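Participant: Sequence:
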Amino acid sequence: MPGRGAVWACVSRLHYAAFFPIRIHSVKEILSGLVRDALERLRADGRIPLQSLPEIGFERTRAKEFGDFACNIALQLAKPLARKPRDVAELIVSALPAHPALAKVEIAGPGFLNFFVSSATLQQVVTRVLDDDRYGFAEKGSRESVQVEFVSANPNGPLHVGHGRGAAYGSTLANLLEAGGYKVQREYYVNDAGRQMDILAISVWLRYLELGGESIRFPDNGYKGDYVHGIARDLRLALGRGLHHGTATVFADIPADEGQGGDKETHVDALIVRARSLLGPA
Numbered sequence: 001m002p003g004r005g006a007v008w009a010c011v012s013r014l015h016y017a018a019f020f021p022i023r024i025h026s027v028k029e030i031l032s033g034l035v036r037d038a039l040e041r042l043r044a045d046g047r048i049p050l051q052s053l054p055e056i057g058f059e060r061t062r063a064k065e066f067g068d069f070a071c072n073i074a075l076q077l078a079k080p081l082a083r084k085p086r087d088v089a090e091l092i093v094s095a096l097p098a099h100p101a102l103a104k105v106e107i108a109g110p111g112f113l114n115f116f117v118s119s120a121t122l123q124q125v126v127t128r129v130l131d132d133d134r135y136g137f138a139e140k141g142s143r144e145s146v147q148v149e150f151v152s153a154n155p156n157g158p159l160h161v162g163h164g165r166g167a168a169y170g171s172t173l174a175n176l177l178e179a180g181g182y183k184v185q186r187e188y189y190v191n192d193a194g195r196q197m198d199i200l201a202i203s204v205w206l207r208y209l210e211l212g213g214e215s216i217r218f219p220d221n222g223y224k225g226d227y228v229h230g231i232a233r234d235l236r237l238a239l240g241r242g243l244h245h246g247t248a249t250v251f252a253d254i255p256a257d258e259g260q261g262g263d264k265e266t267h268v269d270a271l272i273v274r275a276r277s278l279l280g281p282a
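Residue numbers for the sequence shown, in this note's numbering: 1 to 282.
To be clear, the hints were calculated from the coordinates, so they are not data collected in a lab. In this text, all values refer to a predicted model and were calculated from it rather than measured experimentally. Even glycine gets a Cβ: it sits at the ideal position worked out from N, Cα and C. Hints may be right or wrong, so weigh each one.
Label-pair ranges, simulated between beta-carbon atoms [as the list claims (entries may be wrong)]:
1) H245 - P158: 24 to 30 Å
2) R165 - R47: 54 to 60 Å
3) Y188 - S277: 29 to 35 Å
4) R43 - S145: 26 to 32 Å
5) S145 - K104: 45 to 51 Å
6) G230 - L122: 33 to 39 Å
7) P158 - A238: 49 to 55 Å
8) A120 - R47: 27 to 33 Å
9) R43 - Q123: 30 to 36 Å
10) G212 - N175: 46 to 52 Å
11) D263 - A193: 32 to 38 Å
12) I216 - R165: 43 to 49 Å
With the hints as constraints, model all of the structure from the sequences given.
Facilitator: See below:
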């Protein structure tokens, strides 16, 4: 994570105890430095007689009562030192330098070190987040182009809460990729062309004709939702009888529908052709 302000590196116990602003890449780095310093002290005075030390790792704890970060370095050192992990953990704790970022350290289980970060340090991180408009941003993506398509709701039906969820997920994912250094293009694909739109159009038109007093056998393959009735009512209010044609004209020589012993696809396609001939091109 990018830092702002000075980063002061201290190696002596006296310097670690001195208070300074927490302007460092991460709390993990502070804790790792403290443990490394403790191990070097223990190695220097012969209590940890090892030529090299393993990598020091930290993980977030699963519960608040176990602190903020846990470290298993004592368990890693127990075998080469031929000592119990808890004994090694006690040695490390005894040699840990003081630091304003560290409230306390507890030994848990077979020898885990649980670190509790001070409230003051956590509060400084919040201030840093608020002050830095690009806190947490990275350049991992190296400005590589990424397209995120989301929502892209089917225009043949009404919107529902699932579309809202997709919008939230898609927007969040795009924002995260952008924060990771990617050049993000957001796309809402409007699929308002093709046969399904034609079927929606004749479904609305036939409901429109019903509102004009026509007796219609609605096609088996038509859109039957209540929203189709609503669109038809709006169309009737806007255009009056401007799109009206009689049932006999609309269904003359149209192949039978599935419910009439015919094929529903052929039937609806014939209605699409008839609508275009009577109403003109879109």
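Participant: Of the numbered hints stated previously, which ones are contradicted by the structure, given in increasing order?
Facilitator: Violated hints (numbers, rising): 4, 6, 7, 11 and 12; every other hint is consistent with the structure.
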